[in-house]
Amino acid sequence: MPTISGAWIAVTTLNKILAIAGVVLLLGGVALGFRSVSAGGTDCGSAFQPAAGITPMACDNALNGAGTLVTIVISAGVLCLIAAAAVKVVRDKVRA
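Residue numbers (numbering that gives the first Met the number 0): 0 to 95.
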């Protein structure tokens, strides 16, 4: 049985931090997707569900910006979760 060293604790901590950050970013991205945006006093709806009956050109920039932000935050969350899984796989292979 391998002994637990400072490096082992650091890798385990890194794995937990990446996993928690990934989940927080995913949930934050979903929350941002439902956040309502407006342009010039007009309610445009959210990135996931634009408001019905609006002039598309009035809200294009606001909805595009919201969609881009949601995509970036969710992508960062997915990358953190992938990194956490990779660290876990490497840690388990080294431990075995």
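Since the hints were derived computationally from the structure, they do not count as laboratory data. From the three backbone atoms N, C-alpha and C, an ideal C-beta is built for every residue, glycine too. Incorrect hints may appear among the rest.
What the hints assert, rightly or not - Have a look at the derived ranges for each label pair, beta carbon to beta carbon: (1) Ile16 x Asp59: 36 to 44 Å; (2) Gly39 x Arg90: 47 to 55 Å; (3) Ala9 x Gly52: 51 to 59 Å; (4) Trp7 x Thr70: 54 to 62 Å; (5) Met56 x Ala82: 20 to 28 Å; (6) Ala84 x Asn63: 51 to 59 Å; (7) Leu78 x Thr12: 13 to 21 Å.
Going through the hints against the structure:
1. The hint said 36 to 44 Å for the Cβ distance between isoleucine 16 and aspartate 59, and at roughly 38 Å that hint holds.
2. Between glycine 39 and arginine 90 the beta carbons are some 52 Å apart, a value that agrees with the proposed interval 47 to 55 Å.
3. Between alanine 9 and glycine 52 the beta carbons are some 55 Å apart, a value that agrees with the proposed interval 51 to 59 Å.
4. Restraint check, tryptophan 7 to threonine 70: a C-beta distance of roughly 36 Å breaks the suggested window 54 to 62 Å.
5. Range check, methionine 56 to alanine 82: Cβ separation about 40 Å, and the 20 to 28 Å hint is violated.
6. The hinted window of 51 to 59 Å between alanine 84 and asparagine 63 is violated, with their beta carbons roughly 32 Å apart.
7. A hinted range of 13 to 21 Å holds for the C-beta pair leucine 78 and threonine 12, which are about 19 Å apart.
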